[in-house]
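Given the coordinates of chain W, work out where chain H with the ligands should sit on it, guided by the hints.
As given, the protein sequences belong to chains W and H, one line each in that order. Residue 34 is where the first sequence starts when you use my numbering, and the numbers rise one by one after that. Residue 14 is where the second sequence starts when you use my numbering, and the numbers rise one by one after that.
Check the hints yourself; a few may be wrong.
[What the hints assert, rightly or not] Distance ranges between label pairs, derived from CB positions:
# : chain 1 : residue 1 : chain 2 : residue 2 : range
1 : H       : Thr34     : W       : Lys218    : 53 to 61 Å
2 : H       : Lys210    : W       : Gln345    : 47 to 55 Å
3 : W       : Asn211    : H       : Glu171    : 35 to 43 Å
4 : W       : Val263    : H       : Thr34     : 48 to 56 Å
[Stated by the list, open to error] Derived SDA-like pairs (lysine to any residue); straight-line CA-CA distance at most 20 Å:
#  : chain 1 : residue 1 : chain 2 : residue 2
5  : W       : Lys109    : H       : Pro253
6  : W       : Lys278    : H       : Lys329
7  : W       : Lys165    : W       : Lys444
8  : H       : Lys343    : W       : Asp107
9  : H       : Lys182    : W       : Lys444
10 : W       : Lys412    : W       : Asn450
11 : H       : Lys329    : W       : Glu108
12 : W       : Lys420    : W       : Glu206
13 : H       : Lys182    : H       : Glu192
14 : W       : Lys275    : H       : His270
15 : W       : Lys109    : H       : His270
16 : W       : Lys278    : H       : Tyr307
17 : W       : Lys80     : W       : Glu453
18 : W       : Lys165    : H       : Phe323
19 : H       : Lys329    : W       : His113
20 : H       : Lys343    : W       : Ser68
21 : W       : Lys193    : W       : Ile205
22 : H       : Lys208    : H       : Lys121
23 : W       : Lys420    : W       : Ser405
24 : H       : Lys142    : W       : Leu261
25 : H       : Lys331    : W       : Asn450
26 : H       : Lys329    : W       : Arg112
27 : W       : Lys379    : W       : Asn196
28 : H       : Lys331    : W       : His113
29 : H       : Lys128    : H       : Glu45
30 : W       : Lys165    : W       : Gly189
31 : H       : Lys182    : W       : Cys304
32 : W       : Lys222    : W       : Glu174
33 : W       : Lys422    : W       : Ser411
34 : H       : Lys93     : H       : Lys142
35 : W       : Lys210    : W       : His181
36 : W       : Lys312    : H       : Lys182
[Unchecked claim] Just a few of them, taken from the derived set where beta-carbon distance is under 8 Å, the chain H residues facing chain W:
#  : residue
37 : Val159
38 : His164
39 : Ile177
40 : Lys182
Hints were generated in silico from the structure; no laboratory data involved. For each residue, glycine too, the CB sits at the ideal point set by N, CA and C.
Now for the letters of each chain:
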Amino acid sequence: MIFSTNSKSDLKNAADMLKENEPTLKIDFKNSEPSNNNQLWLKKTFKKYYFKYFINVALPEKINLHEFGFRYFDEKMYRHFSFNSPGEIYAFVLKFSPSDIYCSSSFYRNPSEPMDKKEWYGSELIFDIDGKDLHLECTLEHNYTRCHGCNLINAGVLEKCSNCNGSRLNVIEIPCKNCIFFLKKEVKKLINLLVEDFGIDSKTISVYFSGNNGFHLHVADKDYLPLLSVERAEISSYLLGKGFKLETLGLKINNDKKFIPILKNKQLLDCGWRGRILKNLKINFYSGKNADNNFIKQIEKLETIWNCDFQQKVAKTIEDLSVKIDPMVTMDIHRIFRLAGSLNSKSGFAKILCNDVDSFDPFKDACFFDKSTIEIVSKIDTSIFFKGKKYNLNKGSNSVPEYVAVYLISKGLADINLKEI
Amino acid sequence: MSIKLGTNDLAKYPFLNEASTYVKETHFDLQEFDRTEMEFILNRSFNKIDNFIKNGETNYKLEKFEIEILTFLASLLILKSASIDIITKKFALFESMRFEKYLVEDLKNSFKDEKKRLILLKIFNEIFKIDIFCETIVNEFYKIRVIDYIHRSIVFHEEEWKLINRTVKNGFVYLNVNEIVRLFRNELSLLIIDKIKNMKLVTFPDKVLKKSQNLKIYWDSINKRSKVSDHVNKNRTTPPCIDHIYKVLNNGENLPHSARLLLATFLLFSEKNIEEIIEIFKKLPDYNEQITRYQLEHLSGKKGSSKKYFVPSCEKIKLQNLCHETFVCKGIINPIQLLGKRRDEIEKEEGKG
Ligand code: SF4
Ligand SMILES: [Zn+2]
Ligand SMILES: [Zn+2]
Chain W
34 MIFSTNSKSD LKNAADMLKE NEPTLKIDFK NSEPSNNNQL WLKKTFKKYY
84 FKYFINVALP EKINLHEFGF RYFDEKMYRH FSFNSPGEIY AFVLKFSPSD
134 IYCSSSFYRN PSEPMDKKEW YGSELIFDID GKDLHLECTL EHNYTRCHGC
184 NLINAGVLEK CSNCNGSRLN VIEIPCKNCI FFLKKEVKKL INLLVEDFGI
234 DSKTISVYFS GNNGFHLHVA DKDYLPLLSV ERAEISSYLL GKGFKLETLG
284 LKINNDKKFI PILKNKQLLD CGWRGRILKN LKINFYSGKN ADNNFIKQIE
334 KLETIWNCDF QQKVAKTIED LSVKIDPMVT MDIHRIFRLA GSLNSKSGFA
384 KILCNDVDSF DPFKDACFFD KSTIEIVSKI DTSIFFKGKK YNLNKGSNSV
434 PEYVAVYLIS KGLADINLKE I
Chain H
14 MSIKLGTNDL AKYPFLNEAS TYVKETHFDL QEFDRTEMEF ILNRSFNKID
64 NFIKNGETNY KLEKFEIEIL TFLASLLILK SASIDIITKK FALFESMRFE
114 KYLVEDLKNS FKDEKKRLIL LKIFNEIFKI DIFCETIVNE FYKIRVIDYI
164 HRSIVFHEEE WKLINRTVKN GFVYLNVNEI VRLFRNELSL LIIDKIKNMK
214 LVTFPDKVLK KSQNLKIYWD SINKRSKVSD HVNKNRTTPP CIDHIYKVLN
264 NGENLPHSAR LLLATFLLFS EKNIEEIIEI FKKLPDYNEQ ITRYQLEHLS
314 GKKGSSKKYF VPSCEKIKLQ NLCHETFVCK GIINPIQLLG KRRDEIEKEE
364 GKG
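Isolated chain W, as found in the complex (with noise of 0.2 Å):
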């Protein structure tokens, strides 16, 4: 297995971890169960998966310094769980069979106690690459929305329903490969700049597949442990680009829409944003007598091929390197994170570790069902890739492997077939 952090004998008799550490819970989730037959039906296949698959989980070194939560079936949050084991956790997940597991990226004294009586003492710094946040073309297409009027599951995303018109609705995203590469490569952008930016060393960074569509990237450095919820959002803001002042690049515009130089000491203009920029307009820099009048004599000339203004150009080159991460989810220090290894409702694929992110693909690598035939009820006509595998699926009756259907279930684009209940 390449992700994990328990070792087998540590969990190699479930039925013993489950007698030791039956557990006593303050909170009462009776009222916590699925009230239709496809929650019942994934809380059944889940359980499953944990059962067979709690190996995947990986567990933060000091278990008892996290927060942890849970998403029932029905849809409900419960945060504020602390476990000392992870054998507590086991039975925890076995008995309860949530559809997420939360835990936190930040270390606490109180794990279990309300926010202010927590004691925070560090948080692990993250970043979360969103496929929604790529705003990809493809995704128009190959992407479904659900109308909240009808009920209706029209291909492609619109804005207003193609039955009743009603505009409340929500996307449904099917990532296709050319998602993937693009996430991939913001990945990529991200680690570059962690590294060659920030010194961060590589093998503190971990890179993990949300489990959807998205990419999760978990620094563990411990100089960035105690990082405020400010000085997080200022690695944001310069990951996002945000900011970027032209002067910055050792020139400004006067207002004769004339360059003139300022910066003297430009032998440090080969690094951090500066150096990007320019690299990738392909500016170079001289030193001596005439450094300056090169500088702005090659951006003259540039201006002119490019056919835009250098400031445009500028914002451009920017857009195109800063990396599109979600600002909120790495400046928030509370908040609670999928648990690696666990499975998110929104797809049934785990949230996995990727130790190659070139050859990574979520269609295999981040799916653990098995293959036996389930029938489930299509609500569209479609083709998806699994294993390497292409399934047609008209609507109505269809008979796929278990994993093809939790994803499809999972996605609201199915619905179980009554006898699997």
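Showing chain H with the ligands alone in chain W's frame:
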């Protein structure tokens, strides 16, 4: 190797440990400030404070180190005895600007003068608990670790201090002398404030008390403060999460960023204008008009290219641990659904169900 400061350095930097050691070694007793020979020191201290707070004047002529150390000490005593927060802060700011000038000068010389450099590195290490490194390849630059930089730069609001406009490489930020000193100004002033706050003194020398009395009289004459009114509208339902934020605000406590964002987006959504919202945010202990305004304009989509931020959903609010759900929240997915609803109506509905 232990580096000894020269007397000249002590005159410039009387807040260093070596300066306190000097006072201890000479067995100077604070009550000695009541002696007539000391009057000129007290006058010097008072004039300095007076110049800072009334005229914003930082011109200052350095005297011998013994005088400077005592003047610094006397200033702290006067401010401690007056105990007026704003005056203490103002003094600390101007005093740190004065030290900043000396630091710039010394750092500039440090590129040629090895001994000077070591002394400065020691100063940074002692008072700011941070290592600064001389960049040898590029002349006249120092570098500090990125996290040490961010930790300080985030309080500045000019864009040039944003990390993106800095030279960043391999975990370091490169700064010239003026920048590095400017970066530490706040800390220097906090250090001075701390020194004043942490002084433990039972009786102040009479002459110090007299000086501080003068300060108090001056302060009372200009001080008029207005109270911020309560902004919660009693007739309408306020979402419990927002209500809770108001409570925290009214207690004068600080709010995490996520709560500020929730409050701001909620108020913007409820068509409050930026001025009204700023009034509410004024209650924050670390309130800063400029940033608050900037952020509100940013959120409302007025500044920058940013999209309008929406009020986060209940689900998100729950994840951020800001939800304080009550019966009014039944069946809603976003706090804005409660906007404009009357409390009695909801109670009625609740009664029916
Ligand atoms: S349920 Fe929604 S509106 Fe109610 S307190 Fe929680 S977050 Fe606020
Ligand atoms: Zn419809
Ligand atoms: Zn796509």
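Hints and how they fare:
1. Thr34/H <-> Lys218/W: 53 to 61 Å: For threonine 34/H and lysine 218/W the Cβ distance comes to about 58 Å; the hint holds.
2. Lys210/H <-> Gln345/W: 47 to 55 Å: Holds: the Cβ-Cβ distance is about 52 Å, inside 47 to 55 Å.
3. Asn211/W <-> Glu171/H: 35 to 43 Å: At 41 Å between Cβs, range holds.
4. Val263/W <-> Thr34/H: 48 to 56 Å: violated (37 Å)
5. Lys109/W <-> Pro253/H: holds (18 Å)
6. Lys278/W <-> Lys329/H: Judged against 20 Å, a Cα distance of about 33 Å means the pair is violated.
7. Lys165/W <-> Lys444/W: holds (15 Å)
8. Lys343/H <-> Asp107/W: OK: lysine 343/H and aspartate 107/W at ~15 Å, within 20 Å.
9. Lys182/H <-> Lys444/W: Distance ~43 Å between lysine 182/H and lysine 444/W Cα, so the pair is violated.
10. Lys412/W <-> Asn450/W: holds (12 Å)
11. Lys329/H <-> Glu108/W: Since the Cα atoms of lysine 329/H and glutamate 108/W sit roughly 13 Å apart, the hinted pair holds (cutoff 20 Å).
12. Lys420/W <-> Glu206/W: Distance ~19 Å between lysine 420/W and glutamate 206/W Cα, so the pair holds.
13. Lys182/H <-> Glu192/H: Within the cut-off at roughly 17 Å; holds.
14. Lys275/W <-> His270/H: holds (19 Å)
15. Lys109/W <-> His270/H: This hinted pair is violated, its Cα atoms lying about 25 Å apart.
16. Lys278/W <-> Tyr307/H: holds (17 Å)
17. Lys80/W <-> Glu453/W: holds (15 Å)
18. Lys165/W <-> Phe323/H: holds (16 Å)
19. Lys329/H <-> His113/W: Holds: lysine 329/H and histidine 113/W sit about 16 Å apart, inside 20 Å.
20. Lys343/H <-> Ser68/W: The hint holds at about 17 Å.
21. Lys193/W <-> Ile205/W: This hinted pair holds, its Cα atoms lying about 15 Å apart.
22. Lys208/H <-> Lys121/H: violated (28 Å)
23. Lys420/W <-> Ser405/W: holds (14 Å)
24. Lys142/H <-> Leu261/W: Cα-Cα ~18 Å, so holds.
25. Lys331/H <-> Asn450/W: violated (33 Å)
26. Lys329/H <-> Arg112/W: Answer holds: lysine 329/H to arginine 112/W is near 13 Å, not above 20 Å.
27. Lys379/W <-> Asn196/W: Distance ~25 Å between lysine 379/W and asparagine 196/W Cα, so the pair is violated.
28. Lys331/H <-> His113/W: holds (12 Å)
29. Lys128/H <-> Glu45/H: The hint is violated at about 36 Å.
30. Lys165/W <-> Gly189/W: Distance of about 14 Å is within 20 Å: holds.
31. Lys182/H <-> Cys304/W: holds (6 Å)
32. Lys222/W <-> Glu174/W: violated (26 Å)
33. Lys422/W <-> Ser411/W: holds (18 Å)
34. Lys93/H <-> Lys142/H: violated (25 Å)
35. Lys210/W <-> His181/W: Between lysine 210/W and histidine 181/W the Cα gap is close to 29 Å, so the pair fails against 20 Å, i.e. violated.
36. Lys312/W <-> Lys182/H: holds (15 Å)
37. Val159: holds (6 Å)
38. His164: Because about 6 Å separates histidine 164/H from the closest Cβ in chain W, which is inside the 8 Å limit, the hint holds.
39. Ile177: holds (5 Å)
40. Lys182: Holds, because the Cβ-Cβ distance from lysine 182/H to chain W comes to roughly 4 Å (cut-off 8 Å).
In terms of the numbered hints stated before, the structure departs from hints 4, 6, 9, 15, 22, 25, 27, 29, 32, 34 and 35, listed from lowest to highest.
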